[in-house]
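Trainee: What follows is the residue order along each chain.
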Amino acid sequence: NAGVTQTPKFRILKIGQSMTLQCAQDMNHNYMYWYRQDPGMGLKLIYYSVGAGITDKGEVPNGYNVSRSTTEDFPLRLELAAPSQTSVYFCASTGLGGGPLRTDTQYFGPGTRLTVL
Amino acid sequence: GQQVMQIPQYQHVQEGEDFTTYCNSSTTLSNIQWYKQRPGGHPVFLIQLVKSGEVKKQKRLTFQFGEAKKNSSLHITATQTTDVGTYFCAAPLEYGNKLVFGAGTILRVKS
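Chains as they are written, first to last, in this note's numbering: chain A, 75 to 191; chain B, 1010 to 1120.
Hints are supplied without guarantee of correctness; some may be wrong.
[Claimed, not checked] Computed cross-link-like contacts, DSS-like style, restricted to lysine-lysine with a CA-CA straight-line distance of at most 27 Å:
(1) B/1119 <-> A/131
(2) B/1079 <-> B/1119
(3) B/1066 <-> B/1045
(4) B/1079 <-> A/83
(5) B/1079 <-> B/1065
(6) A/118 <-> B/1068
(7) A/131 <-> B/1045
[Stated by the list, open to error] Far from chain B, some chain A residues (derived; all Cβ distances over 10 Å):
(8) 132
(9) 178
(10) 185
Note that these hints are calculated values from the structure, not bench results.
Ideal Cβ placement from N, Cα and C applies to all residues, glycine included.
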């Protein structure tokens, strides 16, 4: 299994440009997540999905959009890129919940480093 | 919203010294997870604690979950240069299969 894959690894955008960050997983996981990590900071949840066709906002959704047409893929769309979106973006996935007490491990992709100039 | 506070933000130790990072919540947690992120890498799961007062060990790493399930710690004995990175705690929100991450503790080890 490749696990969680992300493309591209690096990207430089100009202000106002748009792009899609790709994320795919081959573990048949229902749950998928997009996080951003600013330098020296923790992970902020942007959007998440509990299954194909179902998405919901996280903590910092403004300026982003997502779709989940298949179990495997969870692309993140940036419209009208701004310097504040310069960050490292991580996609993660997890299986169904482990029960009332346990939470499934999140498996992270290698990340996309995005710079908006 | 629910938050998980993690301290310290940064620690620089001499190789062979011990290291501890702490995680605190104002609410009772059903479980807590710990992740490690190497410089330039992505977070990797280390362990999950579920039971009140639970202690788990992985070689030189010791993980504890408080009796009230509101705090947790990660202790590394005799740090090595391979321990460098950022250590995050993470706990599930009250609803859904989502995690809230602490801000992380950056560990640097001087040889």
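Trainee: Holds or violated: are the alpha carbons of residue 118 of chain A and residue 1068 of chain B at most 27 Å from each other?
Mentor: violated (30 Å)
Trainee: Checking a non-interface call: every C-beta of chain B should be farther than 10 Å from the C-beta of residue 185 of chain A. Is that right?
Mentor: violated (5 Å)
Trainee: For residue 131 of chain A and residue 1045 of chain B, compute the direct alpha-carbon distance and say whether it is at most 27 Å.
Mentor: Given that 27 Å is the threshold and the Cα spacing comes to 25 Å, the pair holds.
Trainee: Take the C-alpha atoms of residue 1066 of chain B and residue 1045 of chain B, compute the straight-line distance between them, and say whether it is at most 27 Å.
Mentor: The given pair, whose Cα atoms are some 15 Å apart, holds under the 27 Å limit.
Trainee: Would the hint linking residue 1119 of chain B and residue 131 of chain A be met if the CA-CA limit is 27 Å?
Mentor: At roughly 41 Å apart (the allowed maximum being 27 Å), residue 131 of chain A and residue 1119 of chain B break the hint.
Trainee: Given the hint that residue 1079 of chain B pairs with residue 1119 of chain B, does the C-alpha gap stay at or below 27 Å?
Mentor: Cα-Cα ~32 Å, so violated.
Trainee: Verify that the Cβ of residue 132 of chain A lies farther than 10 Å from every Cβ atom of chain B, and report whether the claim holds or is violated.
Mentor: violated (7 Å)
Trainee: Regarding the pair residue 1079 of chain B and residue 83 of chain A, is the alpha-carbon distance no greater than 27 Å?
Mentor: violated (37 Å)
Trainee: Hey, is residue 178 of chain A genuinely clear of chain B, shortest beta carbon separation above 10 Å?
Mentor: violated (7 Å)
Trainee: Given the hint that residue 1079 of chain B pairs with residue 1065 of chain B, test it: the Cα-Cα distance must not exceed 27 Å.
Mentor: holds (17 Å)
Checked against the numbered hints listed earlier, the structure breaks hints 1, 2, 4, 6, 8, 9, 10; every other hint is satisfied.
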